[in-house]
Structure formats: C-alpha cells, structure tokens
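Could you build all of it, start to finish, from the sequences and the hints given here?
As given, the protein sequences belong to chains H and W, one line each in that order. Here our numbering is used: the first residue of the first sequence is 44, the next is one more, and so on. Here our numbering is used: the first residue of the second sequence is 89, the next is one more, and so on.
Below, simulated SDA-like cross-link-like pairs (lysine to any residue); rule was C-alpha separation at most 25 Å, straight line:
1. K178/W x L138/H
2. K190/W x L131/H
3. K190/W x A81/H
To be clear, the hints were calculated from the coordinates, so they are not data collected in a lab. Note that the structure is a prediction, hence the values are computed from the model and not measured.
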Amino acid sequence: ETGVTQSPTHLIKTRGQQVTLRCSSQSGHNTVSWYQQALGQGPQFIFQYYREEENGRGNFPPRFSGLQFPNYSSELNVNALELDDSALYLCASSLGGQFEQYFGPGTRLTVT
Amino acid sequence: AQRVTQPEKLLSVFKGAPVELKCNYSYSGSPELFWYVQYSRQRLQLLLRHISRESIKGFTADLNKGETSFHLKKPFAQEEDSAMYYCALKVGGGNTPLVFGKGTRLSVIA
Chain H
44 ETGVTQSPTH LIKTRGQQVT LRCSSQSGHN TVSWYQQALG QGPQFIFQYY REEENGRGNF
104 PPRFSGLQFP NYSSELNVNA LELDDSALYL CASSLGGQFE QYFGPGTRLT VT
Chain W
89 AQRVTQPEKL LSVFKGAPVE LKCNYSYSGS PELFWYVQYS RQRLQLLLRH ISRESIKGFT
149 ADLNKGETSF HLKKPFAQEE DSAMYYCALK VGGGNTPLVF GKGTRLSVIA
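Here's what the structure looks like:
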C-alpha cells in the first residue's frame with residue numbers, strides 16, 4: 044500500500060508569483076484535504092475534494108484553488124502569493140465515509 | 089465557530105513520570121475528538137480517537153462533555169514519547185474536516 048506523497052518538498056517563491064503543489068493520495072482513497080500549517084500553529088483546513096468536486100472550504104481567499112484528478116491525485120494552486128502564505132502545506136487522503144485522514148509529509152513554501 | 093485549545097506549548101516531564109496533555113474544545117453538538125502525533129522527521133499520524141476508547145502506546149484520552157475536554161494521559165512517560173501532539177475536533181461524520189489545536193511539544197527527559 045502506497046502512502047500519501049507530496050511534491051515538491053521545498054519551494055521558494057517571490058511575492059506576487061503563483062505556485063502549484065501536488066499530492067498523490069493513498070491507494071484506494073477518493074478524498075483529499077489540504078491544510079496550511081504556519082510556524083507554531085496547528086494545521087488549518089483549506090479545502091477538500093471528493094471524487095473531483097470541491098466538498099468543503101475553510102476560511103481562505105479565492106486565490107487558493109484546487110483540483111482533483113480522476114486518479115484522485117490533487118493540486119493546490121495559490122495565486123498572487125503573499126508573505127503570509129509561507130507555511131507547510133499538508134495533504135491528507137481518506138476513503139469517503141470513513142473518518143481517518145492519512146497525511147503526507149508536506150511541502151514547505153517560503154515566500155520572499 | 090469550533091475551536092480547539094491546547095494551553096501548553098511545551099511540556100517537559102521526566103522518564104517514568106505521569107503525563108497529561110490538555111485539550112479543550114468549543115462545540116455545542118456531539119463532537120468527534122482525536123489526538124494526532126508527529127515524531128521527529130515523521131509525518132502527522134493518528135494516535136487515538138475518543139470513539140474507540142482504546143489505549144495506544146499506553147496513552148488514553150477520555151471525552152468529558154461537561155468540561156468540554158479531551159485530555160491525553162499516560163501513567164509512565166518514555167523517552168520515545170517525545171513528539172508534537174495535536175488535539176483535533178471533527179464536527180459531523182463522513183468527510184468533514186478536522187479542526188486542530190496549536191499543539192503541545194512533549195519532551196521526556198531521561
């Protein structure tokens with residue numbers, strides 16, 4: 044069984060740029076949730092995708108967007124990057140209807 | 089809005105001493121509560137959930153609805169318990185998201 048993977052591991056971008064982060068869900072999982080974890084904070088829910096449709100969104104502006112593909116992998120896109128977007132971005136996959144979310148290792152985004 | 093509070097950023101205990109990591113939540117309905125753990129250089133993983141009422145690695149947690157708490161306890165701390173611990177709340181079943189606290193770093197001193 045393959046676990047959740049994320050790419051890239053680290054990323055440095057400049058304010059105003061755009062970024063795409065990728066997540067491959069655990070085998071058999073059809074739901075992907077994205078979280079932002081700022082330094083010293085717990086993970087904060089961004090949005091969730093279930094069978095290629097957005098299925099819930101946290102308190103994040105529209106410049107945070109996502110996609111889920113037929114193989115259930117997912118992308119998180121952030122436009123017009125701001126310094127406060129610097130954080131660890133976590134992806135978690137789960138099987139629809141079950142509660143446990145399996146987390147990936149995260150992507151560390153630094154915005155300068 | 090739902091909220092999870094972990095009042096201690098850092099908790100240091102000696103090996104063999106009891107451990108209690110505090111977690112309080114705000115939610116008026118019937119919550120699902122979880123403890124997640126992140127060991128050094130590892131990913132976030134589920135430690136235990138209140139529904140199962142099980143003991144994992146010697147840790148237990150009891151949901152107290154009257155006090156809206158879900159404290160994590162272990163009678164005798166071990167060095168390998170040193171990690172970051174997050175309490176999380178889930179409102180509603182299925183694919184609803186987790187609401188995390190800010191976490192408590194547990195350091196077990198030999």
